[in-house]
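Participant: Working from the sequences, and respecting the hints, build out all of it.
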Amino acid sequence: MSADAITVLEAVRTYLTDRLLPTVPASQRSDLRAAAKLIDNALGELDLLHPMLQNECAAMERLCREAESLAAQHPTLAPIAAAARELAGQAYGESLTALRQRHGQWSALCGDLALALQAIPGAQAAEQLRGLLETLGQNALARAKWQSVFPADKPFSDIMIPS
Amino acid sequence: MSAPTADSFPADTGAQDIADKLQAYLAGKGVANPKVGGLRRLTGGSSHDTWALDLSEGEAITPLVMRRNFALASLDMSPQAEFDLLSWLSAQGLPVAKPWLCATDDSPFGVPFVLAERIDGTDLRKAVAAQEVSADPKAVAQGLVALQARIHALSLDGCPLATSADPVREAVERWTRALLDAPHASPGPLSRAAAAWLLAHTPAPQRLALVHGDYKANNILWRKDGTPVVLDWELTHIGDPVEDLAWTMLWTSQYDVVGGMLSPADYVAAYEVAAGLSVDRFALHYWQLFAFVKLSAILLSGSGSISEDEQLSPSHVLLSRAVPCLEAGMAAHLARLTSEGQAA
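Protein chains in written order, with this note's numbering: chain A, 1 to 163; chain B, 1001 to 1344.
By construction, these hints were calculated from the structure, which means they are not laboratory data.
The model shown is predicted, which means the values in this text are computed figures rather than measured ones.
Virtual Cβ for every residue (Gly too), placed ideally from N, Cα, C.
Hints should not be assumed to be uniformly reliable.
[To be verified] One side of the interface only, derived from the structure: several residues of chain A facing chain B at Cβ under 10 Å:
id	residue
1	33
2	36
3	92
4	93
5	97
6	110
7	111
8	126
[What the hints assert, rightly or not] Label-pair restraints from in silico Cβ distances:
id	chain 1	residue 1	chain 2	residue 2	range
9	B	1015	A	21	34 to 42 Å
10	A	8	B	1226	36 to 44 Å
11	A	95	B	1063	30 to 38 Å
12	A	28	B	1181	25 to 33 Å
[To be verified] SDA-like, lysine to any residue: derived pairs with alpha carbons at most 20 Å apart:
id	chain 1	residue 1	chain 2	residue 2
13	A	154	B	1319
14	B	1126	A	6
15	A	154	B	1254
16	B	1138	B	1060
17	A	154	B	1260
18	A	37	B	1266
19	A	154	B	1336
20	A	154	B	1035
21	A	37	B	1313
22	A	37	B	1312
23	A	37	B	1319
24	B	1224	B	1259
25	A	37	B	1314
Facilitator: Right under this line is the structure:
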């Protein structure tokens, strides 16, 4: 049986750290260590990425479709609701590449929605905005385990001193 | 300016070559019979390196640090501007590494370099982690807060930093643009939302002050005598001092000033006592959101040293992958600010 993608990445990582690292000049070692860490992170990400992107696309679609309820009162939301309907109706392939592209499209639309909701006064828009921010925040937080800069269990400072 | 290619690094062949070039340069600048010894590389990367050295002039030996800039990151200040700022700060009595010389166009290395006083010590975060700080951590932190307030209280008369008519707005525009236009990255929805919110809600500052821009434990050199030296002034600017507090509050490991030595509330309270004024809470929350945006921009762009048309190094990619953590912070802060807006 030939090596699968995970095995290949593991082999490349071992080559970088065990064979190459001891031979390169000191000035290049930090980049080499970073490359090995990136492979570690990618190995974890590959395991979970496909179902995660599918779930996130579904959540973002739901949020964009919810904007339809406000679109009649707030014309700035109408093109976003229309674009969401169109994107939801489009077929897309099963490949990871196709899924990543679709995820990018829903993310862009969610960005448009966030900007539009920020500009609309009132409790209803604020409530939708909070829901959108919560979902997008969870999406972002799900990636905390695939980085090596911040502690995965406390990836950002959430301190806000009460007013 | 773009980051260097392999060909744009200084064409020296090692420590002896650097020492020879530096000696010749200093002799040309009027230093009597200079001898450069003890040269050793401290740090090195794609945009700069730093070296420790001992400069002998006859019997006198001066311990120095040399920093060479290979590529000027567009979000940092120039070596000459930093040299001028440090000279001014030193003259004001601030605990900084005294600058000694700045070479730009006539540098023997083909890239600018700065020589500054070398001070023995450990960065405070490491010193705390290694339990090398014998004083009460709370007292240490309160001293650092007082020092931060002292920086903010400096009169801006004679300050060599250039500023604009509206430096606060300029800072917000600069860093939101840096995030939205970061190379090799398309801004995510949270980055876009945070940038738009910041641009729409910029608060008028209570006062303008010198803002360090990166005031945190690992930019404090802790001397063996238990006194601090403030390092890394590349991001210093004139602005809202509350911006500085929010940035310090971003770093909350057990070895940091906030979260480690002081609780967040105690940190702000200590600053209010030291500065003799109250900190506007809306401004603090605003600048906390800004801190996420600014750090994201730095991680994505290498402080502006990366251009769109060059390949990213693994180190840069590693840093950029931390941006979702900051975006999660943006989401949490934006949600609360939205709630506050509703409640107001």
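Participant: Please name the hints from earlier in the document that this structure breaks, with their numbers sorted from lowest to highest.
Facilitator: 3, 4, 5, 9, 10, 11, 14, 16, 18, 20, 24
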